[in-house]
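Trainee: Spelled out from the first residue to the last, the chains are:
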Amino acid sequence: MGEVKISDVSLAFDKENGESTLALDNVSLEIRDKEFICFIGPSGCGKTTLLRTIAGLETPDSGEITLDGERITVPDSKRGMVFQEYSLFPWNTVIQNITFGPRMQGMSKGESLERAEKYLKLVGLEQFRNSYPYELSGGMRQRVAIARALANEPKVLLMDEPFGALDAQTRNTLQNELLDVWAKNQITIVFVTHSVDEAVFLADKIVVMTARPGKIKKVINVELPRPRDRTSSEANELRHKLLRMLAEERRN
Amino acid sequence: MSKDSAKGLSGRGIELLSLATAIVIWQLVAAHIVADKFLLPSFTDVLFAFLRIVETGALFTDLSISLLHFGIGIISALVIGIPIGVSMGWFKTANRAFDPIIEIIRPIPPLAWIPFAIIWFGLTHISAGFVVFVGAVFPIIINTFDGFKSVPKIYVEAAKVLGCMTSVPLIRHVAFPSALPSIASGIRIAMGVGWMCLVAAEMFGVSSSGLGYKIWWHYYLHQMDFVLVYMLILGFLGLLIDRIFRWYVDGRLLKWRAGVVV
Ligand SMILES: Nc1ncnc2c1ncn2[C@@H]1O[C@H](COP(=O)(O)OP(=O)(O)OP(=O)(O)O)[C@@H](O)[C@H]1O
Ligand SMILES: [Mg+2]
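Order-wise, the sequence lines are chains F and B. Residue numbering for the first sequence follows UniProt numbering, starting at 1 and increasing by one per position. Residue numbering for the second sequence follows UniProt numbering, starting at 1 and increasing by one per position.
Please note that a few of the clues may not be correct.
To be verified - Simulated crosslink set (SDA-like; lysine to any residue; CA at most 20 Å straight-line):
#1 B/153 to F/59
#2 B/255 to B/242
#3 F/78 to B/165
#4 B/153 to F/74
Calculated directly from the structure, the hints in this document are not laboratory data.
One chain only, chain F, in its complex shape (with noise of 0.2 Å):
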């Protein structure tokens, strides 16, 4: 199970001089298990924020976020995070830096081994295993970051941005394959984007955010059917309607 139920969550940042940024104002929204929800909304309207706050790495001022019921305070392995930056541990190898999380839940070497090896297969890096992550385009990078939140088998798989930094054709190869991933895992994704495109093509449900400070707009169900086509009218229909929430978000 990976039910997120997110209750009136607000969260401040103090600054220096005494004030305060308010990056939450009083958030709630559940997602369903198995789920594929995408956020989106202008840039520092507080998306990082939040999927931090779900990972245990904020703690709201108040509210709460609870997984099956459980209240979130600390970070664990039954959430996996992938950053919007690159964040594979440089002087590690890739599969090492994939067995870090089942080393870490007290797997032996060996289970821990075994695991990696199947989450590195499903994202088709079998031949740089043993490679640095200098040496990876930022593509595979982020392919190996996935593979090592995946390795831990969380209910609820995180990602900031994942594919922001990469080009158009490895972003939509990347999200097939991220779709087949979580066609075969059977989680809960909840994925940040700025991307209309990325959104309409990959959620269940996608939840337009308000500029700073960050409110939900809207939540919106995405009804096309899966596969889904890039180029049919509806995603057309829907791509607009969400080009127009956030064009208005950008006036205010």
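Start from chain F and add chain B with the ligands according to the hints.
Mentor: Only chain B with the ligands this time, still in chain F's reference frame:
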């Protein structure tokens, strides 16, 4: 690697020529212009002196004793300095507790400790090792501390969401490898400082043998050719130790940094 060795000879040609020229000039100046073995021993004087200390075996005794002093000092500096640097870099309280003490002791030149070294440890190997230790420990502490302070937050957070939650595994699996380049350069600095302290400690009579001691001894005997031999040996040995260390660290421990411009 293969590229390096391909251009090997032609690439090293200039360096070798320059070295040879320097030696020839040295020889000419010493033998024909200065013409005083006491003021400036010539290259051949030094060469003979070198063969002499190899023959008598003095070189090997002094070498091993100096390396023993150096080893005692550097190893104890590592054993004490790294844990202090780690705890200062990771725990705020430890930083606040150690910092004032370190700031007061650190500016004292290591050689100023020589009288106490002799009083505390007598004319023993430990005593010379202690002076090396005093010189080496601070660069190690400071660089370890810096390395730990500047561990990128993203790696710590990535480890946390992967289930690595408490200080000890975080230090071991994330902070330490991340800080290793900084620690390694601290050790390099420490070895350089320690090497200088070693010679001084041996010269000032903390020890009654070793390469540094021999410089002083031969000076009293007015055998400047021997003084120069020991000086050159100290230089070469220092260089060799540094090279071996760098080869080991860059080739093994920091392979992952091959992509980073140092
Ligand atoms: N550690 C922090 N300290 C202070 N302020 C912060 C911190 N992290 C985020 N903020 C502020 O909180 C707000 C939300 O930031 P957040 O990173 O969540 O935005 P975002 O929606 O992810 O933006 P982007 O799309 O550009 O990644 C911003 O105004 C930012 O300045
Ligand atoms: Mg962000």
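Trainee: If a hint holds in the structure, say so; if it doesn't, say that too.
Mentor: Structure-based check of all given hints:
no.: 1; hint: B/153 to F/59; result: 17 Å, holds
no.: 2; hint: B/255 to B/242; result: 18 Å, holds
no.: 3; hint: F/78 to B/165; result: 13 Å, holds
no.: 4; hint: B/153 to F/74; result: 16 Å, holds
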